[in-house]
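Chemist: Here is what each chain is made of, one letter per residue.
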Amino acid sequence: MSVRSTPEGTLAGTPAGTRRIVVVGGGPAAHRFVEAMAARGLDGRSLTVLSEENYLPYDRVNLGKALTGHADLTLGDPSFWADERVSLRLGSRAVRLDLDARTVHTRDGAEHPYDELVLATGSDAAPLPFPGAASAHVYRTLDDVHGLKRALTLLSRSLGRKPHVVVIGGGLLGIEAAAGALELGAESSVVNRSGWLMNAQLDEGAGQALGRLIAGQGFAVHTGTAPSAVLTDDDGAVTGVELADGRVLPADLVVAAVGIRPRDELARRANEDALAGGGAAPFSVGPRGGVVISEDCSTGVPRVWAVGEVASFGGECVGLVAPANAMAEVVADRLHGGSAAFPGFDTATKLKLSGVDVASFGDAFAATPGALEIVYADPARGVYQKVVTTDDARTLLGGIFVGDAAPYQGLRPLLGRELPAEPGAFLTAAGGGSAPETELPDDAVLCSCNNVTAGAIRDAVGGCGACEGSAPVQELGELKGCTRAGTQCGSCVPMLKKLLEKELTTAGVTVSKALCEHFALSRQELFDAIRVLQLTSFEEVLHRYGSGAGCDICKPTVANILASQNSAYVLDAGRGTLQDTNDRALANMQKDGSYSVVPRIPGGEITPEKLAVIASVAQQYGLYTKITGGQRIDLFGARLEQLPEIWKILIDAGMESGQAYGKSLRTVKSCVGSTWCRYGVQDSVSMAIRLELRYRGLRSPHKLKLGVSGCARECAEARGKDVGVIATADGWNLYVGGNGGATPSHAQLLAQGLDDETLIRYIDRYFMYYIRTADRLQRTARWQEELDGGLEQVRRVVLEDSLGIAAELEDAMARHVDSYEDEWAATLKDPERLRRFRAFVNAPDTADDSIVHVSEREQIRPATDPERVLLGATIPVRGTEGDLR
Amino acid sequence: MTSTAIPELVGIPSFPGVAGSVDPAVTSWHSVCRVQDLEPDWGEAALVEGRQVALFLLSSGAVYAVEQRDPVTGAHVMARGIVGSRAGQATIASPLHKQVYRLSDGACLDGAGSSLAAFPTRVVGDEIQVAA
Chain A
1 MSVRSTPEGT LAGTPAGTRR IVVVGGGPAA HRFVEAMAAR GLDGRSLTVL SEENYLPYDR
61 VNLGKALTGH ADLTLGDPSF WADERVSLRL GSRAVRLDLD ARTVHTRDGA EHPYDELVLA
121 TGSDAAPLPF PGAASAHVYR TLDDVHGLKR ALTLLSRSLG RKPHVVVIGG GLLGIEAAAG
181 ALELGAESSV VNRSGWLMNA QLDEGAGQAL GRLIAGQGFA VHTGTAPSAV LTDDDGAVTG
241 VELADGRVLP ADLVVAAVGI RPRDELARRA NEDALAGGGA APFSVGPRGG VVISEDCSTG
301 VPRVWAVGEV ASFGGECVGL VAPANAMAEV VADRLHGGSA AFPGFDTATK LKLSGVDVAS
361 FGDAFAATPG ALEIVYADPA RGVYQKVVTT DDARTLLGGI FVGDAAPYQG LRPLLGRELP
421 AEPGAFLTAA GGGSAPETEL PDDAVLCSCN NVTAGAIRDA VGGCGACEGS APVQELGELK
481 GCTRAGTQCG SCVPMLKKLL EKELTTAGVT VSKALCEHFA LSRQELFDAI RVLQLTSFEE
541 VLHRYGSGAG CDICKPTVAN ILASQNSAYV LDAGRGTLQD TNDRALANMQ KDGSYSVVPR
601 IPGGEITPEK LAVIASVAQQ YGLYTKITGG QRIDLFGARL EQLPEIWKIL IDAGMESGQA
661 YGKSLRTVKS CVGSTWCRYG VQDSVSMAIR LELRYRGLRS PHKLKLGVSG CARECAEARG
721 KDVGVIATAD GWNLYVGGNG GATPSHAQLL AQGLDDETLI RYIDRYFMYY IRTADRLQRT
781 ARWQEELDGG LEQVRRVVLE DSLGIAAELE DAMARHVDSY EDEWAATLKD PERLRRFRAF
841 VNAPDTADDS IVHVSEREQI RPATDPERVL LGATIPVRGT EGDLR
Chain B
886 MTSTAIPELV GIPSFPGVAG SVDPAVTSWH SVCRVQDLEP DWGEAALVEG RQVALFLLSS
946 GAVYAVEQRD PVTGAHVMAR GIVGSRAGQA TIASPLHKQV YRLSDGACLD GAGSSLAAFP
1006 TRVVGDEIQV AA
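Protein sequences, first through last, are from chains A and B. Heads up: the first sequence is residues 1 to 885, going by our numbering. Heads up: the second sequence is residues 886 to 1017, going by our numbering.
Keep in mind the hints are simulated off the structure, nothing from the lab. Be careful, since some hints might not be right.
[Said to hold, decoys possible] Subject to a maximum C-alpha distance of 30 Å in a straight line, what follows is the list of computed DSSO-like cross-link-like pairs (lysine-lysine): (1) K983(B) to K591(A); (2) K149(A) to K352(A); (3) K65(A) to K513(A); (4) K626(A) to K983(B); (5) K497(A) to K350(A); (6) K513(A) to K983(B); (7) K703(A) to K983(B); (8) K648(A) to K610(A); (9) K703(A) to K610(A); (10) K648(A) to K513(A); (11) K350(A) to K648(A); (12) K703(A) to K626(A).
[As the list claims (entries may be wrong)] Just a sample of chain B residues kept apart from chain A, beta carbon distances all over 10 Å, derived: (13) C918; (14) G946; (15) T958; (16) A960; (17) G969; (18) D990; (19) A992; (20) S999; (21) S1000; (22) V1009.
Being a predicted model, the structure only gives us computed values, none of them experimental. Note that the Cβ used here is the ideal one computed from N, Cα and C, for glycine as well.
Whenever a hint applies, use it, and build me the whole structure from the sequences.
Modeler: Take a look at the structure:
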């Protein structure tokens, strides 16, 4: 990224041209601000984001995932930054503001002039106020997390035992860091000065319940005791943490998580500069640090705004994402002439800490005069639930939930409103029942991260016109895309889903899973019915469950289910007529009606001899050749009747169908792996070939792609695949649910450190579970997102066999593997099958002259319409020879 | 093989197209193939008077012929689509972009797309004939 130096003299007044907006900081607040600006329009504006970090803005709420796995925390779509009006400068640290010249100076000596400046510098970890502080790790950024991970790995190696990790600070980040260390194989303990954990959000009862649950997870909790020093040996290595009561906790690594400190140094320095020059301090700094803002998020310095953790409002700086987003939206609105105001901090928190549900919102400590606390506490089960109301027990003021946070979703939007039932009814753990149904008012905020109200959701479901085609939204994914609700922390998704279903039902829209007009069943229901009754033909299925003659939706779906279950040749016994365009010809139809041919190249490994055969086929038939993204070769421009001849040559040379045409396994992409690569830790090519040969021919609801990388550098881009396998020194890491395409998504970590056999067993189960339960044309990413219980459910079924079907899934896969037959070899063996590839029923070998090619870059391509006219190949209504047979 | 105009119908009844761009009064019947040359519900292309026609024998015994050219893309592929029904009427879906057409008259059933030309058909003995 290049840094433009600033031409001077262009800064006085507002230039007639582009309005330059500079954002200092590259965290979530900055990201949201840029998004909010882009959503409102960037015309006539340029945005420069100065980030001292070297990553695209990422999600700090989920840092724990980066600690224990390979989660990609990048916020939003990276291509977002490609807009030429937006310039993101990574590794660019702002060091000084020149408020008179209106420029920001960065460490590299560059100056960035601004017309509007937004401070979004966030905060860093507060230092430990006692000796040894410098030896402690902190837990704030991706670099911190990577450093922590590296240190733990090195320690386990050098110590030859589990390292002892002591986390100082029992807040949210502290517990998360301790849980992460535990998961990475360390002995982990938490020290908190207060008498209980998370004392900023939880009252004593809740904190104690949390402490008990956490202790049950295997790490030690020391509360009510203040640490007084981090002890080190002569070499500076950490040896322990000394407590005020004299005890010493042995430690090999210490993490400090005692709070945050706003990064307000730019404002402080500007104040110092002004004072030194004899002027008044321009910025007002909060009592606990931070740049003081007013309701409109302005700082009091003309054209300077502050958002996120660095902004002090009402004397407080808050380290939560929802208020940061709200502030970012306010500034974007103001810069577009609006009058939005920051309503104050919403400190509601809902999270899963080391598997324990914790939620706190509103006046959790019942500080309001006369407030009532209705509490249910069950120390034995580790459940604590509290609802805080006004003195008449009617209006909801806040609440705390630990161990069972189910009522939180329904209560949270009702904050400040009258409860629809007795407060006690919401303490679900007491009665074992579920919370009363709540009717959300339109202005109730459902997604606090993105400030989306129930009303906005209802509008979207009703077809608000904001989206393309203004069609009513009927699916969760669409609703998220349209309203942005549930796209940040995700905690409101269950509520969102419920509201969506309720609205659809009210609107009289049947939430129909029906396949098409011929079948009222969903794909999953059909799959089960066909499996249980062992049906083998479309006629049987239609007769039992359908009506009419079928169509281009249900026929291929049933064909696909039959193929998944029986692995029989797809064009036989009436099944041929069910097949979709490409399956029908066992090749991919192109725009002009010609076909492309793709032989399988397992793992992308191919001999020069086979390459030569592919080349000679392409030459002989004049085909256009292109390397595919899946490490194989696509041959374009073959006519229907040429397909059998082409395949005869390929099969004689030892090749087989690549099934590029099917809703089935496509390719297993691999890097070269440890065989050749100096970084590889495992043989990714052998594994890729093994997987490709195992799953080839497997018909599924949508195409399936796999990738195998030989090390964490991930050259095979495995995380962009339905199943991605990445080698580590400890075995294979298995990722699931990735895809490219229109809505790309990264695969999620399912299991790690697997040996070959376990890896394959898990993939068998995963694929079969998907094949059985996914909707038609639903890729794995969407499937596991919409599955009840999401990825957790997948984990339970695949890893823990929670449904008791693992053996059945494995058997089904074993049957597939045993019965695999190359479709093209099977086709060539049988003249009856070959009949399907004739050009014309009354002229089998006459070439279709409507297919016209021209030459480009020494290869063929389909002629465009004007070219066809030039070549005299218009719609062929030709002579009347009458020779029809 | 020659084009003939056979006045007499023999064998199973035919299901002629209702309306198409071709007026049977001014054209003649052309024998294209035998009934047993076609597999039910599996469309095949045929050359009739040099013109590409998509020919369908349904499981009901009905025979239809429409233009082989997909009006949306201009590719000659209609015979390779999926035969089905919509509200009881026999249909063919384009294999390229899946627009659905009524086989009897070629009308497009998805929005206001162009229709296909449909040709009258009949079965004489075991011969399938198309008027073009």
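Chemist: Now, for every hint given, state plainly whether the structure supports it.
Modeler: Hint check results:
no., hint, verdict
1, K983(B) to K591(A), "holds, 13 Å"
2, K149(A) to K352(A), "holds, 21 Å"
3, K65(A) to K513(A), "violated, 34 Å"
4, K626(A) to K983(B), "holds, 27 Å"
5, K497(A) to K350(A), "holds, 18 Å"
6, K513(A) to K983(B), "holds, 21 Å"
7, K703(A) to K983(B), "holds, 19 Å"
8, K648(A) to K610(A), "holds, 14 Å"
9, K703(A) to K610(A), "holds, 26 Å"
10, K648(A) to K513(A), "violated, 43 Å"
11, K350(A) to K648(A), "violated, 62 Å"
12, K703(A) to K626(A), "holds, 20 Å"
13, C918, "violated, 5 Å"
14, G946, "holds, 13 Å"
15, T958, "violated, 6 Å"
16, A960, "violated, 4 Å"
17, G969, "violated, 3 Å"
18, D990, "holds, 17 Å"
19, A992, "holds, 16 Å"
20, S999, "holds, 13 Å"
21, S1000, "holds, 15 Å"
22, V1009, "holds, 14 Å"
In this structure, the hints that do not hold are numbers 3, 10, 11, 13, 15, 16 and 17, in rising order.
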